[in-house]
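Q: Given chain A's structure and the hints, the job is docking chain B onto it.
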Amino acid sequence: MKPRNVELLLLVLASILTCGGYYLATLGQTAELPTDIVPFLVVVLGLLVGAHFVIRMFIPFADGIMFPLVALLNGLGYMMIARLDPDLAASQAAWTFIGLFAFSGTVIFFKDVRFLEPFRYTLAVAGVVLLLLPLIPELGTKINGAQIWIRVGPISIQPGEIAKVVLAAFLASYLAEKKDFIALEVRKIGRIGFPAFKYFAPLIFACGVALVVMVLQRDLGSSLLIFTLFLVMVYVATGRSIYVFSGLSLFAGGAFFAWTRFNHVQERVATWLDPYKDVKGDGFQISEAQFAMADGGFSGTGLGLGTPSKIPVVESDMIFAAFAEELGLLGASAILIIILLFVSSGIRIALSASSEFERLLATGLILLLGFQSFIIIGGTLRVLPLTGVTLPFVSYGGSSLISNYVIVGILMRISHNSVVAATQELVEGSDVKWKVAKG
Amino acid sequence: MTLGKPLRNLIVFIIGVLILVLLEFSDDLSSAIKLGLFFTLLSLIIVLVYFVGKEMSPLHNVTAVLLCCFIALFVQLNRVQVLQASEIETVAGNNRELQRNFGQERGRILTSDGQVVALSEPVEGNDSFNFRRRYPHGELYAHSVGYVSLISGSTGLEAEYNEELTAQENILLLDSGPSDLVLGIDHELQMVARESLKDSNGNDRLGSVVAIEPSTGDIKALWSYPSYNPEPIASLSAEEINLAIDELEPDPGIENPKCTDTPLCAKAYQDRTVPGSTFKIVVATAALDRTGVGLFSPDFPVTDAYDLPFNGTGSIRNYGGSSCGGDLKTLITKSCNAGFAQIAVEDLGPEKLIDQTKAYGFNQKVPLDVGPSLVTESFFPEDYGNYISDSLGYRLFDNSPKLGQAAIGQSEVQATPLNMAMVAASVANDGDMMYPRFVTETKYSDSQTSRVNKLEVKKWKDSASRETADDLKEAMYQVVETGTARNSLQIPGLEVGAKTGTADIGDDVHAWVIAFAGRPGQEPELAVAVLVERQQGDAGVTGGKVAGPIARAVFEQYFSSETIDG
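Order-wise, the sequence lines are chains A and B.
According to the numbering used here, the first sequence holds residues 1 to 439 in order.
According to the numbering used here, the second sequence holds residues 1 to 566 in order.
Listed below are the simulated DSBU-like cross-link pairs for lysine-lysine, each with C-alpha atoms no more than 35 Å apart in a straight line:
| no. | chain 1 | residue 1 | chain 2 | residue 2 |
| --- | --- | --- | --- | --- |
| 1 | B | LYS365 | B | LYS352 |
| 2 | A | LYS178 | A | LYS111 |
| 3 | A | LYS2 | B | LYS5 |
| 4 | B | LYS443 | A | LYS310 |
| 5 | A | LYS142 | A | LYS310 |
| 6 | B | LYS443 | B | LYS454 |
| 7 | A | LYS277 | B | LYS34 |
| 8 | B | LYS352 | B | LYS473 |
| 9 | B | LYS5 | A | LYS179 |
| 10 | B | LYS461 | B | LYS473 |
| 11 | A | LYS280 | B | LYS34 |
| 12 | B | LYS358 | B | LYS329 |
| 13 | A | LYS277 | A | LYS310 |
| 14 | B | LYS258 | B | LYS365 |
| 15 | A | LYS178 | A | LYS198 |
| 16 | A | LYS111 | A | LYS179 |
| 17 | A | LYS277 | B | LYS258 |
| 18 | A | LYS198 | A | LYS111 |
Calculated from the structure, these hints are not laboratory results.
Just chain A, same shape as in the assembly:
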């Protein structure tokens, strides 16, 4: 089947799953059938099919699996937010609408992603400025202890979410140009070779500033994410694992230092290791998440029948625990699998990208989302200390939803362009023209 037809079919399935979940959640919560299920289905289908036709018109050769997976994650997340808090659901619906527009805009106007490539230093500066915005008095606001929001009129925006994309673009463009220099060993100490520092300096400077800003804002999750992004992209560009190991040792040292110096870091680690010691205090959020998930058990309490609202910030950081409680091990595993499928479709796009910049950008963007999912679910499950980031597409939050839709737009544009480029090569290299017609 052609990718677009697969996509359409899968989108219909995703809509049905979303609406079915919404139906059950309403039934479970109020013991009444939702009255708005038909308009709801129409709106969901309408939005998705609309976006689908944008894809069909502008990037017909793009990967056919990625968008339905995103739609499913977004739909299930919306369903859960609607079940948790109808007020938030209304604004999440609006953000989804805007997000799909951002996606379509990216797809339509971003004809060639490579146009970004020359603006590498502009990108670096833009990323850092975006991160700094919340620190400006009057503009920035503090929510849940993290200074990462700015208020524009009635809405709060998290510029850091956009900054991550911009920084990934900077890394991709810089590494695409300088990777050979970076991989080169100019100095040897023992058996280990080191590259020339001057090629590393801009990387370390941009990422270092970003990290420092994020740590100052107490946004540990995002700083962990940016650091992972940095290591991963340098490794993928150069193929030198020594950078990863040195980076990890630096990280270990830095983490240990932070642990000895900062109270809030010690607190995080302590509640990670033993959340039940202070169930009503520091360990409250993480303990309630464990209780909720344990309560869900194998098959869950049923949609609308659990009490996930007991977990603080359940609609964003802890939304995975809500799924685990109400849908059980089965449903939570399904969410994990959807995320994995989404990541793997992104990796496929990166592997087939036609230019080095696109390959690195796709790699950076998809791994950003993959590791972000791991960091927040790992925090919920106590695999890692809890650091607040959103679960991409699932959690409540406008900034993250919009920037993630932009990411998916870029990835699908890269996917389409690589197929087009490959076909052109094929046409130039042989006389078999009918293959072009088949797509």
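A: Relative to chain A, chain B alone:
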């Protein structure tokens, strides 16, 4: 050098197994083994990463790392939701289950005559809890109903029938939701049991009263003093609960506190004590069922004492030093200690008596429906040493003297009042001992439907043959007609059978009676065990005088209300 694919797969498999072993058995393994496993794991992973990594592109490797991260998530998800779920549910501070219990209406608990003894009352203005549990009769039903508390768990029927009481309303099944429990206990009878355990001045006496319907095992009344009021424990204020619990818990100064150190102890089935002569019914059953001894033959010598074998082990004397003897029926009627000691030592021997006590439920958890784990076993000693010889005309053991003591319910023999009531009930029920039960049915009703689920009546033990049971009944009727219970249990219009007991515990005595009653010529309808503890022994206290009137009051109430009903 590269590793072949099969070898790689094998390494991955071994790594997986090692991770599982480490995760699941980490509490049971010694730290040396744990370290060993950990380093094997680490080196295997390094080998794998080194060889595989060399062949793969960096992007593949990063993807593999991310995949491993997700595998870790999946493993941990399994642990939290399934493997460790029950552990997490019991973490202090995890009150999800309780909130479920207190967030929705819980079924009521009713007596057989419709008195509500436990109900959920809606609470206004409490964020977390919509209901609180009320126990309108306070201490009267505490030992059966128990309590369900926010911070100190639940016990009794509230705990054992939690599922029925809290069933979630399932919208797919139309009639579902919490059920009410209906007890066999009759409220009027229960009140009579409490009142009659008080002495003539209205002061409470330590003791227990248990009344059972012989044919069903239904408990019709169960009272033991002291009891406690579950109301404050079911309060929604942690302070109030802690205060109540502190008051009820045994004095912290007591070392190795016993059940009886707190009123929380349902002595009727959680405390065992010397049963005295009521135990002779057990010995008589064994003699009738398991030896050639009949109700009317042979005759046992008329004597004031039975000399136990071996020098210096003393003798078993009759109550008050009197002389008595004769056939088994006479021995029961007059409660002759000497005769029963002789039957146990010479006719029965250890094995048969041990078998008989088992058939009456001794040395086992009685399967009462508050949960067998709460119930204390009645005890009969099983160690009588080695067989010596039969040179005396019977089988002599090292510890045969102890058997003589045990035969009259002294020595180490201990029984719960519930168990002794079941002994009387099984005699009254042709030798069949039924499962004792508080709850007779569960009832679900809503605006449309009403569904009664009658719980099954089950036989627990074949305690005696029908013929033996008939013989025992005849003898126990005789006890009331002319024997030790003649002054207290002769009730006009009823046929009553009984066996009294006066158990020595140092200077004090326990006054016992087990009895059953029915209309003349018909099967007995109620069996009772009464224990009044720690009466001063010098005042001529006997089971007949002290415990008899309590059993009488219970019978009179039971049969009078039955007449009114029907």
